[in-house]
Structures are given as C-alpha cells and as structure tokens.
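In case you want the letters, here they are:
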Amino acid sequence: MKRKNSMFKRTALTMAAACLVVSVVGCGGKKEDGVLTFTNVSYDPTREFYAAYNELFAEHYKEETGKEIELVQSHGGSGSQARSVIEGNDADVVTLALAHDITSIEKAGLIGEGWLAEFDKNSSPYTSTIVFLVRSGNEKDIHDWEDLIKDGVEIITPDPKSSGGACWNFLAAWQYAKTQFADDEIAMKDFLAKLYNNVLVMDSGARGATTTFVENGQGDVLIAWENEALLALEEYPEQYELITPSISILAEPSVAIVDENAEKNGTEEIAKDYLDYLYTEDAQRLAGKHYYRPSDEAILKEFSDTFDLSVNLCTIDDFGGWDQAYQDFFADDAIFDEIYRK
Amino acid sequence: MYLRGKVSAKDWGDMYLQENHDIFVEKWGDFMKKNSQKIVKWILIGISVLFFLLMLVLPLLEVIVRALADGLQSYQAALTAENTLSALKVTLIATVIAVAVNTVFGLVASWLVTKFDFRGKNVLSALIDIPFSISPVIAGLAYIMTFGRSGWAKPVIDGINEALGTDIALVFSVPAVVLATIFVTFPFISREIIPVLYTQGREEEEAAAMMGASGFTIFRKITFPHIRWGLLYGMILCAARAFGEFGAVYAVSKARGKTFTLPLEIDALYMAGSADSITQAFAVSSLLVGMALIMLILKNIVEYRGKRNDR
Amino acid sequence: MKRAQIKKRKSIIPGFGLSMGITVAMLSLLILIPLASVLAYSFRLSGAEFAELMMRPNVVQAFVTSIGCALAAAVLNCIFGTILAWVLVRYEFPGKRLMDGMIELPFALPTAVAGITLTKMYSDTGAIGRAFEKLGIEIAYTRTGIIIAMVFIGIPFVVRAIQPVLEKLPATYEEAAGMLGASRLTIFWKVIFPEIRPALLTGFGLALARGIGEYGSVIYISGNSEKNGTQVVSYVIMQKLNSGNVDYEGAAAIALVLLILSFVMLFAINFIQHIASRRTNV
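Residue numbers (this note's numbering), protein chains in the order written: chain V, 1 to 342; chain G, 1 to 311; chain D, 1 to 282.
No lab work stands behind these hints: they were computed from the structure. Fair warning: there could be bad hints in the mix.
Said to hold, decoys possible - Covered, in the sense of this in silico footprint (three residues per stretch, anywhere, with C-beta under 8 Å from a C-beta of chain G), are these stretches of chain D:
no. : stretch
1   : 93–99
2   : 253–263
Claimed, not checked - Counterexamples of contact, computed for chain D against chain V with all Cβ distances above 10 Å:
no. : residue
3   : A51
4   : A72
5   : F107
6   : E133
7   : I137
8   : R143
9   : V165
10  : T172
11  : S183
12  : L200
13  : I219
14  : F267
15  : A268
16  : I269
All C-beta atoms in this analysis are idealised placements derived from N, C-alpha and C, irrespective of residue type, glycine included.
Please model the entire structure based on the sequences and the hints provided.
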C-alpha cells in the first residue's frame, strides 16, 4: 500500500514535470519583436492583391504614425479560413469571399452584429463574377452556359461541397437555366445534371482547379472567378481566352473587423484604418489592377477595357440570401446531390 | 548470359531446326538449371530498378528539373526569400523540439515496456503506435477540437496564461506547429529502440540492480550502449519525417511568414498560381528533398557503423 | 515476505514508477487527450444521426475507395517490397547502395510535394501518364492514381520490415533445400516465406493503415469525384470542415470510424502474428 502511494506520488510529480515541459515548449514561439503585427485572414485568390495592398498600406501607416507595421497574410479556402478564425486564428480583420463566412464568425461571437453596414457598399470594397477560361482557339466553341453541356466538352470546376467559390459557379449556371427554361425546375435540374456530367476533375478548391486546368492541362473549360481568369491570361499570354457568359452572378467579397481579437490586440483603430483605406482611390485602382472590380463606379469605368460591364449579373439575394441558398442547393441531399447523382 | 553458356545461339538454332527436339529440350533444361539463379537474379533486379525509377527517382528528378527551370539566379532568390527563411526557421524549431521530446519519450517508454511486466502492457505499446496509423487530417482536427477557441481545454490554457502572465496559444502558432509535429512523429524513436532492448533482455540490468546501482546509472552504463545506434537511427528518421509533415501542421498553422513550415510554404507557392511561383515552389521543395537526402545519407552511415559496432 | 514476492515479480530494476509516470503523462497529453476530443465531438450526434451519416452514399463510397485502394496498394507493396528487399539483401549490383539509401524518400518527401509531382507525371500530359495513355490506361484522376500515390507512401514500411529478417536468414538455408531438389518456387513458399511472414504482415498492416488515412499525396491525383468513386475518407472529412456550413460533428464521426478501422486492422494483424509465432514456437 505504501509502495503504491509513493509510486502514485512519483507518477503525479512526473506528470506535473511533463506539463511544465510542454508549457515551456509553448512559450518558445511567441515573441514580440517591437514592431506591431497585424493579421489579415483572407481567401485564396487575393494573395497577390493583398501582398500589394499591404505595401501600400504600410507606407500610408508610416506616413501617418511614423511607425513600422508588420502585416501578416493568411490565405486558403474562404470557408476554412473563417473556421480557423472561429477556432482561434488570431485575425485582426477578415476579408473573405462571402458575407456568409463572416456571418458564421459573427455567430461564434467574435464579430459584432451590424458589421455589414460598417463599411461602404455592404462592406464590399471590390466585387467579382464568374466567367469561363478556355484554351486558345476555343476549339469546342464555347460562348455561353449552353455550350458547356455539349457532348465531349470537359469542364474543370471545384467541388461546391468543399469550396465556397464553387457554389457561385453552380448558382450562376442555375440562374442561366432559370431564364432559359422559364422556371421549369425539371428542365433546370436536367441542364445542371448534364453540365456537371461533363465535369472532368473536381478539385477541393478554386486554386486547385486552376492548377489542374493550367498546369496539368486538363479539360477544355475552367469555370473561374473573373480575377483568377484574368490573372491566368496575364501569366500565360496567348494560351487562353476569356469568355464572359450572358448571365453570371455578382460576388461581393466582404471585409470586417474581428472585434474580439482587435480589442484584445489593441488594434481596433488600425483595423478600421486598414479597411477604410481599401476604399481610397489608390487602393481601388490597385484592386482593379489585380482584376477585382472596384466598387467605386468612377474607377470601375477606368477599367472598362478589362471588365465586360455588359454582363447580366444576378446577386445572392435572388436566391434568398446565402443561408437559404446553401440549404436549398448544397446541404446533404439538396439539389446539388440530386443532380450530381443522376 | 545466353552466350555465356557452353552452347552458342547458333547451336541452339541448329538444334531446333534439325528438329532434334528431345535434345533441344534436354539441353535447354540444363542451361536453365545451370543459369536459373542468374536469370532470376537479373529479372528481380530489373523489376526493382524499374519500380525504383518510376516511383522514386523520377519524382525526385522532376522536382529538381523544375526547380532549376528559371535558372540558378531565381533558384537562389526563391531559397533566400523572406517567407522561405521564416519557414525554414519554424521547420527547424519544430524538428529539433519534436526530436528532443520524442527522444525523451522513446527512451523512457522503451525502458518501461521492455524492462518491466505490468498489466496492460500490450495495450500501452499499441497506444504508443497510434500516430503511425492516424490520418494527419485527424491529428490536426484533434488539436483544434481540444485547444482551439471552442475546444474544451481552452479555459484551462487561459487559466494557466492568466496565472503565469503569459500569452500561450496552442493553435495557429509556432507551439501548435511543434505539437502537431510531435504528434505525427511520436512513435518513431521508441519503435527503433524497443526491438533492440527486447533482444538484449534484462539480465544485465537485473544484475546491476542487485549490486545496488541506481536506475540512472544502470541506464547510462548498461542500457544506453546497446541502444546508441538504434536511438540515433530513430532520431534521424524522426527528423526526416518531422520536417516533411504537411497535413497535421496545415490544420494548425495559417499565417504565412510567421508560423508556416517549409511544406506549407511550398503549398502556398504552388497554389499562388503564377508560373514563377510554381518554379519557386519546386525550388523550395528541392531544399526539402536535399534535407531529406542528407538525413538518408546520415541514416545509412549510422546504420553501417551501428552494424559494425554490434558485431 | 509478501512484499518481497511482489517486488520480485515486478522486476528488481528500479525506475518503474518514474518511467510509467512519464510515459503515461506524455502519451495522454500529446496523443490521447486530443484524440478523446474527436470522440467527444462525434458523440454529439445521436445514434440515428450517426447511422444516417455513415449510410450516406458518398461516405460509404469513400470508405470503399479508401479501403479498396489501400488494400490494393498494400498488396502491391508487399510484392514489390519483398522483391526490393530480397534484391537489396541478396544481390550485388551497381547502384545498390543508392537504392538502399533512397527507399525512405517517401517518408521524408512532404506528402503535398509528392502528390503534386505524381499528379503531374501521371496525368495525360505528364511523362509517364502519356505513355500509359497510349495503352489506353488513365492513371491520374482515377482510382489507379490513388493506388499509385498509396504505393509511393507505403513502400518503405514493407521494405524496412522485411530487410532485417532476410539479412538474418542464412543463404545456406535455401541452398540446402535446393540441394534436396526443391524448386525455387517451393523454396520460396516453404522456406523463405514462413520466415518473413510476420515481418511482411507488419509491413502490410502499416502500409495499409497509412494508406487508409492518407490525404496530402492523394487529393491532387484523385480528382475527388464522387461519381468516379475517387473521393477518399480524409477528403470527405475535409469536405465537412471546409463546406459553407461547417459540420464538426459529422467530420469527427467519420474520423472516429476511420480511427477505429485503423486500430482494428492493426490489432488484427498483431493477433495473427501472435498466433503465427506461437505455432512456430511449439
């Protein structure tokens, strides 16, 4: 009995020691080096834009305050980025693909209600839309959504069940079918079933899909964000053509301050300044240069050579808002599952 | 080798044409019997080399060729980019700590499992091997669900932080990367040591204990010399696996240039989508491959010396 | 008297309490407690919900794909792994040391790099994929591609399990059998195979377990199509986590089943080994 007791003591002691070791290990990484760090958690395609914007902002910040600032970028699928913030990723601001992703952070209690009205234009400093990217020469003769269901056309688009961006591709196609078949739901589902039957590779995210199309040379057409497609045109000149369909969907990537983190980090003011500065003319032009449609209409017009402004754009409100759309289309056994399993 | 037999090809042909079938079969049989060992040998080597080329060498070459696609200058630029250096630093921190922690664990656990009999020993040794069979996806998920903002251990960590006046975060931070790396490499060292200690038995230790030697002395003087090479071998494998880990670390590390490791940096570069950045991704990959190769060479040296010392 | 007996049975080597304490503490803190959280999360689903989730066609299919491909890959690895180990132990040829040294490359190469590179090579625009395409075989974006990736990550497990056993097996063994007139195949099955069987099983089990849970190297080459049955279980877990409506419970539940599956397989293999070793010892 006595022996057991001392053994227990020892066990307990060593457990405590192990705890200490782990916590010492824990201390190792977190060191502040005097310069303020500020984290912007964003989604995949904005890497290049925010890399450039951060330079612009750091300059502006230095002018205003005389201090250096270290801006940390974080990119990934919009949904998983939002999830990481909810799970404890210490973001001061989020700049995500969908208002819905920010709403889910709000629901977790990290962002105060009413964030949508905090900044101009529904807190969307830039917008984008869905277009097609085809290989040079457009051999399969693709001009609009209806061409995608032709036999032998191979489509690359990511999986809507794992990528928020891919949902927009689906919804844009749905909107086209809706106008085409005058709300005849059976015909609409049939159209989308045919379209997704032509999908060759379904990557887990938008960037993965672009890589499959561009790098690995798979498929005839990539359904992509306009900014991704324009970037591919720039990176691989003369290899691709951009096709704007007659109907598409307006995506409004939203921005917000993560109130709880900013409060804790004492970065509320910088956060507000960081997001406000997105609406200045310089930043708007920078967004345009990185192929996002500036929300400032005057500046958008400056880029009328880049963007096809005549396309008929619907918005997520036409689907009753994102939550409704997700339930109707992408939840388990909803419309996407139904048509995909046909 | 066909011609190396005593019968030439022409003779074989003649034999066959002369329809001297029985003789042909007999001679051919002799020939095969005499040389079958060699034939089998070269067939097997052929299969091995082919497999080796297709599965291991070609991917490696592909990485190197693509890394150098834009010339040496941009190769160098990719390796000295700020993000790459930061990722290298985090990778090294995580690797060193993971190897250290797992060495301590490996030594203690293998001592426990091989020198003592107790109830539940089989279960314990099976539990030690868990991380081998776990999807890295689950490992990352497990840490998030435990230490994340909505994880149940969060209040505990907050409490510790408050008491100690520290600001430790166990997710989305360098410590998180370290923890995830420890997780996936956990059994590497104990696995190398346990078999060695099993074959060694425990008589020597028992004799020493009877003579009154302390536990630590026994370990240092008797057990350690046996496992030296196994330990080193395990540490090298552990390091090699540690700096290559992707899945588990990906789940708990989101800030590029801060908490990214080399594999994450490669992924980020590859996913950046421009032709340049893809080349850069392969350049950084080649760095990792180089590190892996160094580890493998070290491992071979250790293995060779270990074998020599054992005999 | 009684104490002495207990002590003797407990081994006279000191340090039991200390090593037990450290082992259990580290194991719990680093491995078991985090894994328990997965368990806790999945218990938030009711039994009916759990069953419903597991019966979903995409989940069932993902398990079929993961297990099927991992099995195929593990079998292939056993065949090639035995050949490789045999060649490395028994024969001398130029480049042997290089080959021996690089067997562990898949351990050290980041899985994402492996996945990306394999996809590139085995897709129909890649060096190897093009050759196979002419033969009418598609590799990337099919189950074959998944198997290739799993073979890649699993091969060191098998080779490194068998190699030491073969090294200890004296060549005179087979020579004697050969002199007694046994054919090569008979020698292999009757003499060599029983010797390496336990090691082969271990390698098989490890390669299988690794394959079933694999993510990084598989997702690029698989194409992740539910229709073609190329979604693996890890992908479905990530799908639950990355989708527009995060589903922690679902992800944890699938992860739990995956965990249990790996355990059962490892335990089964241990059990078979145990029985086999008892039989040979008697």
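Verification of the supplied hints:
Given a C-beta distance limit of less than 8 Å, the hint that chain G covers the stretch 93–99 of chain D holds, as 4 residues qualify and 3 suffice. Residues of the stretch 253–263 of chain D lying with their CB closer than 8 Å to a CB of chain G number 5, which satisfies the three-residue condition for coverage. Listed as outside the interface, A51(D) is consistent with that label: its C-beta sits roughly 14 Å from the nearest C-beta of chain V, beyond the 10 Å cut-off. Even its closest Cβ contact with chain V, about 22 Å, leaves A72(D) beyond 10 Å, as expected for a residue assigned away from the interface.
Chain V leaves F107(D) outside its interface by the beta-carbon criterion, the shortest separation being 24 Å against a cut-off of 10 Å. With a closest Cβ-Cβ approach of about 12 Å to chain V, E133(D) is found to remain outside the 10 Å limit, as its non-interface label requires. Consistency note on I137(D): stated as away from chain V, and its beta-carbon is indeed over 10 Å from all of that chain's, at 16 Å minimum. A cut-off of 10 Å between C-beta atoms confirms that R143(D) is not in contact with chain V; the least separation is 14 Å.
The claim that V165(D) lies off the interface holds: its Cβ sits roughly 36 Å from the closest Cβ of chain V, which is beyond the 10 Å cut-off. Distance to chain V confirms T172(D) as a non-interface residue, since its nearest Cβ pair spans about 50 Å, more than 10 Å. The non-interface label for S183(D) is consistent with chain V: the shortest C-beta to C-beta separation is roughly 48 Å, beyond 10 Å. The claim that L200(D) is not at the interface with chain V holds, since no C-beta of that chain comes within 10 Å of its own (minimum 35 Å).
Residue-level check failed: I219(D) sits 6 Å from the nearest beta carbon of chain V, not beyond 10 Å. For F267(D), the condition that its CB be more than 10 Å from all CB atoms of chain V holds, with the nearest at approximately 27 Å. Every C-beta of chain V lies more than 10 Å from that of A268(D), the closest at about 32 Å, which supports listing it as non-interface. The beta carbon of I269(D) sits about 31 Å from the closest Cβ of chain V, which is more than 10 Å, so the claim that it is off the interface holds.
Hint violations for this structure: number 13 only, all remaining hints satisfied.
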